[in-house]
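For reference, the chains in residue letters:
There are 2 protein chains.
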Amino acid sequence: MSNQSIFDNIRIVLCQTSHPGNIGSTARAMKTMGFKHLYLVQPAKYPNEQATAMAAGADDVLDNAIVTQTLSEALVGCGFAIGLSARKRYLSLETVNAREAALQANDYAATQPVAIVFGTEMSGLTNAELDCCQLLAMIPANPEYSSLNLSMAVQLVCYELRMLSLASAPNLLSSAPTDKASLNLLATNEELERFYAHLEETLLHIGYLNPKAPKKLFERMRRLYSRARLEKEEINLLRGVLTLTQAPRKHSKY
Amino acid sequence: MSNQSIFDNIRIVLCQTSHPGNIGSTARAMKTMGFKHLYLVQPAKYPNEQATAMAAGADDVLDNAIVTQTLSEALVGCGFAIGLSARKRYLSLETVNAREAALQANDYAATQPVAIVFGTEMSGLTNAELDCCQLLAMIPANPEYSSLNLSMAVQLVCYELRMLSLASAPNLLSSAPTDKASLNLLATNEELERFYAHLEETLLHIGYLNPKAPKKLFERMRRLYSRARLEKEEINLLRGVLTLTQAPRKHSKY
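Residue numbers (our numbering), protein chains in the order written: chain A, 1 to 254; chain B, 1 to 254.
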């Protein structure tokens, strides 16, 4: 599967949105996750200044939105449509959580257009709208307060989809540090060992370690520094401190 | 691990938020995912009508928010703080994506308070703020448009945390280190700050830092120790070394 196809094949469909600000925030949420196809079924107000204001830099997504009179028109060409709901209510439709829905959407979107359908703010999707969907997805919200803002729900679903699209780029999902620290040259094992030797000598010098039994306490020290994954340059900094710690005070650098 | 502890132990910290509406949306986003502890570091406007309007039914989270003057105050009691950033920029801090960060937060939050820290809308976290964090988390946004709304970012992180709390065996999902280090009590933010102050004083005492410009070199030191995620007991070991480093040699322990 091409990773790009998900961004080309997924469309976000908002049904009868009341607040134009939510349309704008949806455009922004979509674009931050790399999606661009927005469909608006009978929006209360569109185009609208508030929508534009909330879209921030995602005006292109907003301006290219396709307005339709019915959900069916917005689903033209789609083989698979997922309806979003805050609660389990439409019992005859298979219901999964948003993460599982994203997996299914991702699979289908490799080869065909897929729609993610969101209902109106106050009451969600109607039964007639759900009849156009093949799957119902729920965001597992707090049962005592499940009132997610519409564009927040769009953000979450687009995020789940994006995470999947990145799955083949291991650096983004991997637990390994992806910062430059991992690219900076780490101290080699022998540099570390020289540092530890210098540290032990210094801790004996200042009377911190018991010369008769230095090991136990010193092992804790080693472990602590070992966790930091010291870089070459940091070893130099630390050894500078050790050298000055052992030096008579008058030999300070300044 | 009790799944409940994550909701009690996680706090969301917003630094210098400009738009009160974002504070309200954040409260709502948190509550939809079951979180309640909100900290506001120098908010531009709070309390504020717009915040209340955007909080919708999450006024309780908003009303109970704790306002502080500094990030350190907001981190009191926390052993682990995760900074959120839209871009890879703070090169020496370990960086993972939001999903991985949630795994780590979830592990630590089983036994201790954990903070998730968000910067100001326009420019994100400052380097000084990141210096108070042990991990940097990124939401893998569209590189061409990574401008997530602040409360959207909070929503995504809280969602990831909630998904973990709902998983029946969170540790099986976790790629985070599951060694004993993650179970030991970490030093709290204030213990760390006292250690850093002691370290700086000692490095000045031995003449390692230039008294006229101590900051730059010292920041590298802080960062190095910050990466190690020091435990309470380790702080005591290190401060023992500092005390002896400053003491006349004859006062050694042995």
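One or more hints might be untrue.
Because identical chains share one entry, a pair is satisfied inside a single copy or across any pair of copies.
Below, a list of computed lysine-lysine pairs in the DSSO-like style, where the Cα atoms sit at most 30 Å apart [claimed, not checked]:
no., residue 1, residue 2
1, Lys215, Lys232
2, Lys36, Lys232
3, Lys212, Lys36
4, Lys232, Lys45
5, Lys216, Lys232
6, Lys212, Lys45
7, Lys216, Lys36
8, Lys216, Lys45
9, Lys215, Lys36
Just so you know, these hints were derived from the structure itself, not from any lab.
Bear in mind the structure is a predicted one, so any value in this text is a computation, not a measurement.
Point to revise | Violations among the numbered hints | key: 3, 4, 6, 7, 8 and 9
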